[in-house]
Structures are given as structure tokens and as C-alpha cells.
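Visitor: If you want the building blocks of each chain, they are given just below.
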Amino acid sequence: MHVAPAIETRDLCKRFGDVKANDNVSLVVDQGSVHGIVGENGAGKSTLLKMLFGFYQPNSGDLIVNGEHISLGSPAEAMAAGIAMVHQHFMLVEPFTVLENIVLGAEGQGLLKQAEIDAKAKLKGLEQQFGFDLPFDQPVSQLSVGERQRVEILKALFRGADTLILDEPTAVLTPQECDQLFELIKLLKSRGKTILFVTHKLHEIMAVTDSVTVIRAGRVIVRTDTASTSPEALAEAMVGSKISRSVTRADTDHGIPRLSVQNVSALSDHSHRALQNISFDLFDGEVLGVAGVAGNGQTELLEVLTGLRRVSDGFVSLSGEATNSKDVFTDPISLRRAGVGHVAEDRLKSGVVASMSARENAILGYHREADFCRGGLMRLSAIDQAANDYFENQDVRPRNPDLPVASFSGGNQQKLVIAREIARDPQTLIVGQPTRGVDIGAVTKIHDQITALRNAGKALLVVSADLDELMAISDRIAVLCDGKLVGIVPISEADERTIGLMMAGSAASSLVGSATEGQDQ
Amino acid sequence: MSGSATKLPGVLESVLMPMLNILVALLASGLVVLALGEDPVVVLSLLIEGAFGYEEAIGYTFYYATNFIFTGLAVSVAFHAGHFNIGGEGQAMLGGLGLTLAVFWLGSSAPVLSIILAVFGAALFGAAWAFIPAWLQAHRGSHVVITTIMFNFIASALLAYLLVGPLQRPGGQMPESSDFPDGTALPQFHELMEILGISFEQSPLNLSFLIALLAAFGVWFLLARTRFGYEMRVTGQNSDAAKFAGISVPRVTVIALMMSGALAGMMGLNELLGEQLRLIGNFTLGYGFVGIAVAFMGRNHPVGIVLAAILFGAVYQGGAEIGFEIPKITRDMSVVIQGLVILFAGAMPHLFRRPVTALYARFAGKGNK
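In order, the protein sequences belong to chains A and B. This note's numbering numbers the first residue of the first sequence as 1 and each following residue consecutively. This note's numbering numbers the first residue of the second sequence as 1 and each following residue consecutively.
Derived by calculation from the structure, the hints in this document are not laboratory data. Quick caveat: nothing in here was measured; it's all calculated off a predicted structure. Glycine residues also receive a C-beta, built at the ideal position from the N, C-alpha and C atoms. Treat the hints with care, since some could be wrong.
In silico contact screen, one side only, chain B against chain A (beta carbon under 7 Å); selected entries [claimed, not checked]: (1) Arg-225; (2) Arg-227; (3) Val-234.
Bound-form chain A, shown alone:
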């Protein structure tokens, strides 16, 4: 007999301004199955999830839950329809106990004591059914990450969820915890629950899902049974196989490396090992692209290369520096003086002060240079001149440096930032996400500029989440996964499928054949 799908969407569309985040997305999640959704960062996965969870409302299209057309105005309505979401970043109150967290918002009565007694009875049943073993009276702050995730799942079950959306559930887990999660998913499925599993790790899709939908650029590319597909096919669908733009490149003469990274390890803000034993060289006249799924060490690599993060092991050196080149990498100002420009990966977070005028932002990081400042006093006319020049050279609009940076579009902000960083003709340029949040018109211009700098013999390192972009502008592509350098592929040998697989953690050597440098096995 035919059972209606747990969740079905028909031609769901969601626009933000001119951007179509979801474009006619049709999804079918069968009752009692584990369905995977894969896609690159920015492919539209989160938007889709937020619509399924009532957080966003679609511009058009239908949402059908258990055979009924419904519209979800809020997460509470989604919950009432039996859909629960386990967020990547847990929504738990840390000082509260597990029990308090589970009951929170579903007390059902004014007296907490009775609510907890009732909840305990109900939870006993759930525990036996799904094999949970959680310390109900311990504060959540004392729990491991894996345990917290189980609290989230139990919370959803407690509220009567039939369909669980897991948003990148393994991103925060250790391999052992991942295995436990997969066991739990299988158990939930065997008890008739439906799971929507969102990830960008292909091996996880292969391991736990029954069927899978691939999303790229807001559209469904393919929906297939997991049994009848392969990681290679999924990778190809995920990143597409567009012909890379042919940029005229002069041949790179690999002389002495401009910038040399030797066995570098570094810790993240949370003292995790964010970079592990990374080695590579950056030469004059090349663009080295750095690919990877977000959060695999790219941010920390950029910070190490721009003097914002100390290495815990290994060193970075700059050739052509008379002074001790190692010290340069502990101070952003010395580094800029040594000819290393830095286009920050998150403009608004660190590259500009959004509330300050474009003029004042035009000297950020260079405010100690003699032409902008003498004897501790700012030279206002020189700063004004520089800002006007930057606006002129890069065609920043509107042509008014008095406006706060926040009132410029993303593209114009980025043009200002690039103008600032190349104004002193740096030999090396470290670029994070060159076109993130940049309007289409400015993208080509920025790409052309990067290529022009490369052809002028500069050394550029570009980190980007956009693989198409890296394919278009790089001479070589380095791939980071889990803080390790999976490999470096010359552009002539790189295709998007290979890079996609490397990003998902598949060993490069088996795919490319070229041995990777500086890797511990």
C-alpha cells in the first residue's frame, strides 16, 4: 500500500533580494527512511531546512507533510506537525540539567516539580525504546558534545517529533561519537522515525542514508537511491563540471619561494588542532588557491599567514626579507611593511569598521605609515587624498568617502578593501573569500584584478569556498580537510570532481597520483 511521504516539497522557491537561494526545489522524503541532503556551502541547504522548520516562509511552492498541504509560519507550527530540528549549534541552556532542558518550553503546567515528575515517566519509556542513557540530573555543561547532541534528539522525541532534521550533525563530533550517532539513526529508523540528514561529507551519506538529494546553486541536481550511486557521482553532482574559464597565464617560473610554510601546526580559538603539519611554498607569479569545506583550517591558515595567529609548531618565512623573517609573522603591521597585503575573509567582522567612514577605513592597518601619520597626528589631507584615489582607481560607488562603510554594497566594500591592500604594491597578497557577498558585476572585476597582479609577478594565496572561482583564477589548488593538507593539484590536472573528493577527505594520492608533501600518514 502507498504511504504518503513524510515530507514532500514541490517547486519551493525562496528569494533574498535578487538572489534565488532556493529555485524550484522538489524534495521527497519517504516515511521511515533516512534521506540525505548534500551540497556545497551556500548551495541552499540551510535555506531549505529553515523553510521545512518554519523559520523562513517560501515565496512560492508547496509543502506537504504526511500527505497534507500545510504552511509553517513558525518553528512551533513545524513542531506541531511533528518536524523537529537538531541544530548544528545546540540550543541548550548549559547550566540547566538535562531534564530541565528537555522539559523547557514543554512544561505543560505552571508547577515545575510536577512537570518534571511527569516528564521523567515519559522519558523512561523513550529511553527504553531508543536506548538512551543520559544523566538526567547533571547540568548540560558537564556533558560531552556527543551527549549534548543526544539530549537535543531526545528533546525532539519528547515533544513527539516523527521527523528529525539533523543539520550537519557530525561537524562537531569525534569519529567515535559519529559511529554512535549512526547507530542511533539506524535505531530511530527501525522505530519508524524519519530522518533528514544534511551533510557535505559523502562517506556519511553512503554510510547511513537510504536515498539522497544533491543541491547545487539552489537547485536540486539529482535525487537517487544511495545504493545506486557512488561518492564520485555525488561529488560531480555537488560541484558541477563546468568548463573552467581560460585565463591567459604567463608561465610561472618557480624560483625561490616567496613565502614558505614549513610543518606548521596551529590551535584554534578553542584549542583544537586547527592546522596539522602543513607545508607548502608560494611562488612569485602564481595564484595558489586553497579549497576546503568551511571550518577545515582555512581561517586559521589565513590568520597564521597574516600575523594574527601564532603557530604552535613549524614556521612561516618570507624571502627577500633582510630582518628575521620569522618575527614578521607575529605582527600584522610589520608584515604589511614587509610587503604582505591581506584581504580579510570576513570583511565586516575584521576587514573594516562598518560604522566608521570609508575614508577612515581606507587607512586601517596602514594608519601608522609615515604618509598618513606624523608625530602621532593623523595627516587628514593625505588620508583624504588616498581615499579619493582608492575610490577613483577601483570605481567605488557612491563616490563619497564620508559615508560609513556599512552603507556601501558588499562589492563596493570589497573594492575599497582591495584598493587599500594593493595601494602599496605588496609583493605578496593573502586573500580570503575574494568575492563573498559581492554582487555579480564586481566578481569579474575582482577576478581580473587578481589575475593582473599574478601576471605582474606577485605571489597570491586565495582561500575561497567557491570552487568555481578557484578553478578560474588559480595556478595550483591546495585542499585542506580537517586541518591537514590533503594535497596540491596543478590546475592542469585539477577537475572539480577530484577537488570535491579531496575536500570530502578522500586521500589525494589515489586520485591524482602526485604525492603530497609534508603529510604525516
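On the provided structure of chain A, position chain B as indicated by the hints.
Guide: Coordinates of chain B only, in the frame set by chain A:
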């Protein structure tokens, strides 16, 4: 179609909005006066008359304003660097101690020098008192709001100890020091005017008002023209961008808070070296806290702070005057008015932003289309 990006032009923003807030504060005060059975119009005119009506009144108004300029500037300097210095009170007390020590050390042998030294003593002690919370904030992450409040209590206790102990006037019963040596007092305003051949009624207004104006100019110059001021503002508005630019956030934090402490410390010049001519316990009388409201009302701009300080000075002085004329309206009433001004202008500066912006947008929109 930019959603909420409608912005008010400068004049509306910096003149109309504060005026609107003050007006509402006065209306609310009027209601209180009405409830007491008095005529609000009479009381308001008494307040204005008492604050600006004659020379002595003006002198007192500006005398009080001097305190508020110092403490308001102190709050704003810290605020520009992204910190909330609640310790103006304690820093002012220590500033008072610093100038007292300077004055007694040099004595009446070198009057001009002792005044200069007193200015530095006040600033130095105020800065030093801010240094400890500043360092703890910069290097240990201890929140400066908490630590500066605690340092207010320590300062108060320290001063109390000194004034009933080593610094107490010999044979005295009050918690106060001996009188400052002759010739160390700051010149009074009426004395200065006399030199110019203008006669002005006697009031406690003294040279420190000019020092306060100089300090306001100094703060403006610091923020608008110096590299350190730039680094301070970058740090205050986006500390990640400051790190990106190679600015040492801990260093900026410590120096900015010490500058803030120095400004608060200089409040003692007005109260002690201008009027009391001895160190007395708790001479700060809450001026350090009111400085927070002054800074907010002045939108952290030195000119705004001077104007806000004069307003607060007027409410202090005029409020006291009402008490003499209408016994029913006690001194506490002026505290109520101050409270209402602080509430509407200081604590809720954006109360009328939305309606005014909407109104403006409607008119501007009509003009454009």
C-alpha cells in the same frame, strides 16, 4: 528599497532629538510639580531664573557644570575605546587625594607651581586608580564595569581612612584635612574678570572651568586628530578589525581607561582647589555617576558633553533655588528633575527616534518623489 536605512540629517539628530528628550523630561517634571499642588510654569521659570537669572546664579551653574564636564569626558573617552568606566567617582576621589598631596608637598612657597603640580597630581592619581581595573580588563578579561564599581568602594574607604587618620586636621573631629596652604587655591572667576576690568559677582566658579574646556578640546583633538584616538575608536567599534590592523587591543584599553581616570581625577580641582580648599570625605557627591548621563546625553562628543554638563549644572543650581522660594518643593525635587532628565535624555535617548524618523521619512519621501 533599503529597509531601515533611513537616517536623520545631522541637525535633527544632534539638536532636535536631545531637545525633544529634555522637553519630555520637563513635562514629566511638571506633572510631579502639579501633583504637589504648585504651578509648573512658575516653578520652571524659577528654575531658569535660579540657574541663569543673575551673575551669581550663572557662576554656580557653571561651577557645577565644571564637575560634569570632567566626569562626562571621562566616561566618553572610555566609551570610545569600547569600555564603560563606572569608576569616575572613585577616580575623582583619588584625584582629590593626589592634588591634596601635591599642594601640601610644595606648600605656599611656589603658588603657581603648586597649582600646576596639583593638576598633574589629580590626573596622575585618577589615572593610577583606573590602571588596575584597566589592566585586569586588558589582560585577564575581568569586566571593567564590575571592577571599577568595586574600586569606587575601595577609594571611598581609603579616603575615609586617611581623613580620620594620617591626613586629618590636627585636633579636628570631621573627616577632612587641614586647610590648603595659602596661595594654592585656583583663581576665582570674579578675580580673573577683575583683572580684565569687568566686575562679576562672587561665585565658586573658578579657573578649573577653563581647564575643563581645555580638556574638552583635548579630548576632541585626541579623537579626531591623533593616531591613538583613531586606534581607540577602531578598537571601541570593532576589536577584531583592530587586531587585523595590528593595533594592540590591551594597550589601547589600558591607556584609554587611564586617560578616562585622569579626566575624572581632575574633577577634584574644581571642588577642592576651587571651593573647599581642603580635602573632605566623599566630596564627589555622585558627580562621577552623573557623568555617565552627561556623556550619553552629549552623545560622547566633547561639544555635546559641555552643553549637557551646563544643562545638568543648571538643574542643580536652579533646583536648589526653587527650594528657597517654594518650601513645598524641596531640594529632593531637583533630584527628581535630574532623574527625569537622566531617564529621558541619558537612558532612553532613542525614545522618539522611531516616530521622528518615520515623520522625517514621510516628508523627505514627499520631497523626493
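Visitor: Mind checking the CB of B:Arg-227 against every CB in chain A and telling me if the closest is under 7 Å?
Guide: holds (5 Å)
Visitor: So, as I understand it, the hint says B:Arg-225 touches chain A; can you test that by seeing if any CB pair is closer than 7 Å?
Guide: holds (6 Å)
Visitor: B:Val-234 was flagged as interface toward chain A. Is the shortest Cβ-Cβ separation under 7 Å?
Guide: Holds: closest Cβ of chain A sits about 5 Å from B:Val-234, inside 7 Å.
When the structure is compared with the earlier hints, no violation turns up for any of them.
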